[in-house]
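Enquirer: Residue-level listing of the chains:
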Amino acid sequence: MAKRKNSLNIDFSCFNEYAEKIDKLGGDLKRIIGDVMEEVAKDVEEDTIKAMESANLPAKGVYSRGETEQSIVRDAKTEWHWSLGEIAMGFDKSKPGAGGFLITGTPKMQPDRALESIYGKKSYETKARNKIREKLKKEIERLGG
Amino acid sequence: MEDELITILSSFKVPVYRQGSMSNDATYPPTFITFWNSDSPDHAYYDNDDYGTDWRYQVAVYSSDPSTTYSLLSDIRSALKRAKWIVDGKGTDAPSDEETHTGRVIETIKMNF
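Which chain is which? The protein sequence lines are A and B, in order. At position 101 of the first sequence (counting the first as 1) the number is 101 in the working numbering, and the numbers step up by one without a gap. Residues are numbered in the working numbering as their position in the second sequence, beginning at 1, plus a constant of 1000.
Everything labelled a hint here was simulated from the structure, so no lab data went into it.
Just a few of them, taken from the derived set where beta-carbon distance is under 8 Å, the chain A residues facing chain B:
hint: 1; residue: 101
hint: 2; residue: 108
hint: 3; residue: 120
hint: 4; residue: 121
With a straight-line Cα cutoff of 30 Å, these simulated DSS-like cross-link-like pairs (lysine-lysine) come out:
hint: 5; chain 1: A; residue 1: 137; chain 2: A; residue 2: 21
hint: 6; chain 1: B; residue 1: 1090; chain 2: A; residue 2: 127
hint: 7; chain 1: A; residue 1: 42; chain 2: A; residue 2: 127
hint: 8; chain 1: A; residue 1: 108; chain 2: B; residue 2: 1013
hint: 9; chain 1: B; residue 1: 1084; chain 2: A; residue 2: 127
hint: 10; chain 1: A; residue 1: 122; chain 2: A; residue 2: 21
Away from chain B, derived, C-beta distances all over 12 Å, residues of chain A:
hint: 11; residue: 16
hint: 12; residue: 67
hint: 13; residue: 80
hint: 14; residue: 138
Where is the CB? At the ideal position from N, CA and C, for every residue including glycine.
Using the sequences and the hints, build the whole thing.
Expert: What follows is the structure in structure tokens.
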């Protein structure tokens, strides 16, 4: 389910078949998967920054604060815990004003459409998954598979 | 689909609003519900044609009594499930404009074939 939230979760388990092929072809699986995750995170970062431009915000940014914009995760790197790769995408929840109220809205403020299209829409996750799939396919081709 | 959702939410006898529809100078009722249609993707394709839609809503409860915020949302969750809506989890905190109120929000989906 595409949850309304201030981070984006993409489940990589649907790419197990590609990962097995890369592994069999002798590819550096952690590097390849890590690079793909960082590319997707960069897309999310750029789309979020664009959505946070004042003209795109409710009431042209009256409700947003500089600290919300500063809580956007930037230049995220993949971190590995054994075979589990993690990367931060979206807003850093540990920082004040971390975007949640713009995505969820309040009784007096509608959710922000631009952020909602990233964090609340199934189509954005689908687009990200398609990009990952194409990247992994190209990597398999490059390895001779 | 929205009519069905509003009917379910209205059965709890507290005001029901669309998220963001209260004016800035309005006073929050003691307890109330909001809803928002967050997405409506076609959930499947056959021969390049969609044959159904996932109607996705967020439903939030706001109350000046924190225990009511939780208990009412739990009751709504049960009512939605009885009416064949899918509810994922028990919700997360929802931002409130007023310090007097706490909010909790769930996501719910009804598949329409």
